[in-house]
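Enquirer: Chains as they are written, first to last, in this note's numbering: chain A, 5 to 493; chain B, 2 to 97.
The set of hints was computed from the structure by calculation and includes no laboratory data. Please note that a few of the clues may not be correct.
To be verified - Residues from chain B shown here face chain A by an in silico Cβ test under 8 Å; the list is partial:
| # | residue |
| --- | --- |
| 1 | L33 |
| 2 | I42 |
| 3 | L51 |
| 4 | I53 |
| 5 | P83 |
| 6 | E86 |
| 7 | R87 |
| 8 | M89 |
Stated by the list, open to error - No farther apart than 25 Å at their CA atoms in a straight line, the calculated lysine-lysine pairs in the PhoX-like style are these:
| # | chain 1 | residue 1 | chain 2 | residue 2 |
| --- | --- | --- | --- | --- |
| 9 | B | K85 | A | K380 |
| 10 | A | K344 | B | K66 |
| 11 | B | K94 | A | K344 |
| 12 | B | K61 | A | K344 |
| 13 | A | K20 | A | K68 |
| 14 | A | K418 | B | K22 |
| 15 | B | K28 | A | K143 |
| 16 | A | K418 | B | K28 |
| 17 | A | K257 | A | K292 |
| 18 | B | K4 | A | K240 |
| 19 | B | K85 | A | K114 |
| 20 | B | K15 | A | K380 |
| 21 | A | K292 | A | K418 |
| 22 | A | K344 | B | K91 |
| 23 | A | K380 | B | K4 |
| 24 | A | K89 | B | K91 |
| 25 | A | K344 | B | K15 |
| 26 | B | K61 | A | K89 |
| 27 | A | K344 | B | K7 |
| 28 | B | K91 | A | K240 |
| 29 | A | K395 | A | K261 |
| 30 | B | K4 | A | K144 |
In this text, all values refer to a predicted model and were calculated from it rather than measured experimentally. Every residue gets a Cβ at the ideal spot worked out from N, C-alpha and C, and that includes glycine.
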Amino acid sequence: MEITTLTVHELQEKLKNKELTSYEITKAYTDRIAEKEKDVQAFVTDLSENALNQAKEIDAKREKGEVTNELAGIPIGIKDIICTKGVRTTCSSRMLENFIAPYDATVMEKINGENLIDLGKLNMDEFAMGGSTEYSYFKKTRNPWNLNKVPGGSSGGSAAAVAANMVPWALGTDTGGSIRQPASFCGLVGLKPTYGLVSRYGVVAFASSLDQVGPMTKDVTDCAMLLNIIAGHDSKDSTSVDNGDKDYTKSLKADVKGLKIGVPKEYFGEGINPEVKEKLQEAMERYKKLGATVEECSLNIADYALATYYIIACAEASSNLGRFDGIRYGYRTENYTNLKELYRNSRSEGFGAEVKRRIILGTYVLSSGYYDAYYKKAQQVRTLVMQEFAKCFEKYDVLLTPTSPTVAFDIGSKSNNPLEMYLADICTVSVNIAGLPGISIPCGVDKEGMPIGMQLIGSRFSEETLIRTAYTFEQDLKFRENYQPEFKK
Amino acid sequence: MAKVSKEELLHIAKLADLNLKDEEVDKYLLHLQDILNFANIVNNANVEGLDITIGANEAKNVFRKDEVVVFEDNEALLQNAPDKERNMFKIPKVIQ
């Protein structure tokens, strides 16, 4: 038995039956990291040594009955945008290269509360701005299915590490698709929860009205388990919502009889790769076979939502990233004679090209003369997008779309054309604009063996329906049994 | 739609506290124009009479008791400061 190929619920079972100790599990992962990191390049900070010590402690405590929860001693990987006390949190930026978080994000308090073991901080596009992880200041992460391809982004390190069995599961963040698209590119399950379900406290802000933390896992069961841990109201995040104490694993039922699935035809237009379309068609047939009704519908907002997304996300980013001035933390230039120069040179040297591009775009759309034409208009279109989704959810329980128009693309093929990179987010951004939950699950592979993702979208706080819908499909398709990453070179 | 001029780009960069090198200016000008041309489609949407949305949740005030919570780990905060003296962040002279 290869320990690192197991899901978390399988590991949990083996811990419970005393077939494995936390140390044995953790050691299997640290060995795997040592073996695969040179190919995959997923980690910004490797915490293997700490992790092994922690595992020993937890085993000892479990022996004495001081630790009783079943997940204690299971490792996890954390996207490097989530603050971890005493550990570097870089956002894959030169700006935060040496930033040691003075406190834990609320999601980390929850992770630590379960005695999960942090194996390391995972690579990402700088400040979560990108869809390929090529915009990291430190390294380019590679897709374990084919090392010449991107893992997606911005949570590309998280996706690649889970797919390569270097961590059993991981946390990512999703502002416009940054959990779902890399999950899709790497053959994983990725959930962007309803805005407000998970606390954003201690998660470095990109676009505050869109950001959410979520699980990236090998299967839907692990996804429900990790959501159980991180969801919940937090008084430290005024946008977090009290949605009661739910057990999402109760939704792990293979049953979609009578479920109404809408398929917005606008998400299957030109620009969607034919092989992606084909697999999505097969998925619809599968749902019909399983007893759901599947019907074409209209949601004519995809282009508007994408334009709105880039206006709003960049506007919020330009404001949020104003805090990086080289005074209290972060990079400070050596080249200054006064305060203004210190600010300006620190920011110009500390931020990468894509981050600067988005700050400039955001500043532009917020500047007088353009505010009404872009920012205000985008906020109105946001209302329109929410209304159009609401209309769909009067008729359907779930909407089904591709997660991404294509499978993972070659490293370097899009990084010089920002607009082309932005257009690839067409299927995912509207979900963030409307604050809805969305899950990506694998639905097949293309001719080259690259995974294809299917996105399911639900109404606000319908995670239970999404998990049941995804689980039913997964149990029938058995993707993991048939396809595994091959580290093609 | 309006074309972004070089002067405008430099003005925006200044507002954002960013310097642009000469070779960056042309590239950013091209990208910004490209993205704005695309983003301009929001002006085709029929939004007459629609309110703006600032967030996905219902906009409401969230109150809490005004109680002081002390964060005692000054050292953890100050260890990230690029320059410091005693217990303070150090910056260049502001008043000439």
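Enquirer: Now tell me, hint by hint, if it's right for this structure.
Expert: Quick rundown of the hints versus the structure:
A distance limit of 8 Å between C-beta atoms decides the matter here; for B:L33 the minimum to chain A is near 6 Å, and the interface restraint holds. About 5 Å separates the beta-carbon of B:I42 from the nearest beta-carbon of chain A, less than 8 Å, and the hint is met. Given the 8 Å rule on beta carbons, the hint for B:L51 holds: about 5 Å separates it from the nearest Cβ of chain A. Of the supplied interface hints, the one on B:I53 holds, with its beta-carbon coming within about 4 Å of a beta-carbon of chain A, less than 8 Å.
Given the 8 Å rule on beta carbons, the hint for B:P83 holds: about 3 Å separates it from the nearest Cβ of chain A. Because the closest C-beta pair between B:E86 and chain A is about 13 Å apart, greater than 8 Å, the hint is violated. Hint status for B:R87: violated, given a least beta-carbon distance of 15 Å to chain A, over 8 Å. The criterion of a C-beta within 8 Å of any C-beta in chain A is not met by B:M89, whose closest approach is roughly 11 Å, and the hint is violated.
Straight-line distance between C-alpha atoms of B:K85 and A:K380 comes to about 41 Å, which puts the hinted pair past the 25 Å bound. This hinted pair does not check out: A:K344 and B:K66 have alpha carbons roughly 38 Å apart, beyond 25 Å. For the hint pairing B:K94 with A:K344, the CA-to-CA distance comes to about 11 Å; that is within 25 Å, so the pair holds. For a cut-off of 25 Å, the pair hint linking B:K61 to A:K344 is broken: about 37 Å separates their Cα positions.
As the CA atoms of A:K20 and A:K68 are separated by approximately 15 Å, the hinted pair is consistent with the 25 Å bound. Distance restraint check for A:K418 and B:K22: the Cα-Cα separation of roughly 23 Å lies within the 25 Å cut-off, and the hinted pair is therefore satisfied. Note on B:K28 and A:K143: the hinted pairing holds, with a Cα-Cα distance of about 23 Å set against a maximum of 25 Å. For a cut-off of 25 Å, the pair hint linking A:K418 to B:K28 stands: about 15 Å separates their Cα positions.
Proposed proximity of A:K257 and A:K292 is supported: the alpha carbons are some 17 Å apart, at most 25 Å. Restraint check for B:K4 and A:K240: the C-alpha separation of about 43 Å exceeds 25 Å, so the hint is violated. Proximity of B:K85 to A:K114 is assessed by CA-CA distance (about 33 Å); at most 25 Å being required, the pair is judged violated. Proposed proximity of B:K15 and A:K380 is supported: the alpha carbons are some 23 Å apart, at most 25 Å.
For the suggested pair A:K292 and A:K418, the alpha carbons sit about 37 Å apart, so the restraint of at most 25 Å is broken. Our distance criterion of 25 Å between C-alpha atoms is met by A:K344 and B:K91, whose separation comes to about 14 Å. At most 25 Å may separate the alpha-carbon atoms for a hinted pair to count; A:K380 and B:K4 meet this at roughly 20 Å. About 24 Å separates the Cα atoms of A:K89 and B:K91, which keeps this hinted pair within 25 Å; it holds.
At roughly 11 Å between alpha-carbon atoms, A:K344 and B:K15 fall within 25 Å of each other, so this suggested pair holds. For a cut-off of 25 Å, the pair hint linking B:K61 to A:K89 is broken: about 31 Å separates their Cα positions. Only pairs whose Cα atoms come within 25 Å are accepted, and A:K344 paired with B:K7 is accepted, the gap being roughly 22 Å. Of the supplied pair hints, the one linking B:K91 and A:K240 is violated, its CA atoms being roughly 29 Å apart against a limit of 25 Å.
With a C-alpha separation of about 22 Å, the suggested pairing of A:K395 with A:K261 holds against the 25 Å cut-off. Note on B:K4 and A:K144: the hinted pairing is violated, with a Cα-Cα distance of about 35 Å set against a maximum of 25 Å.
In terms of the numbered hints stated before, the structure departs from hints 6, 7, 8, 9, 10, 12, 18, 19, 21, 26, 28 and 30, listed from lowest to highest.
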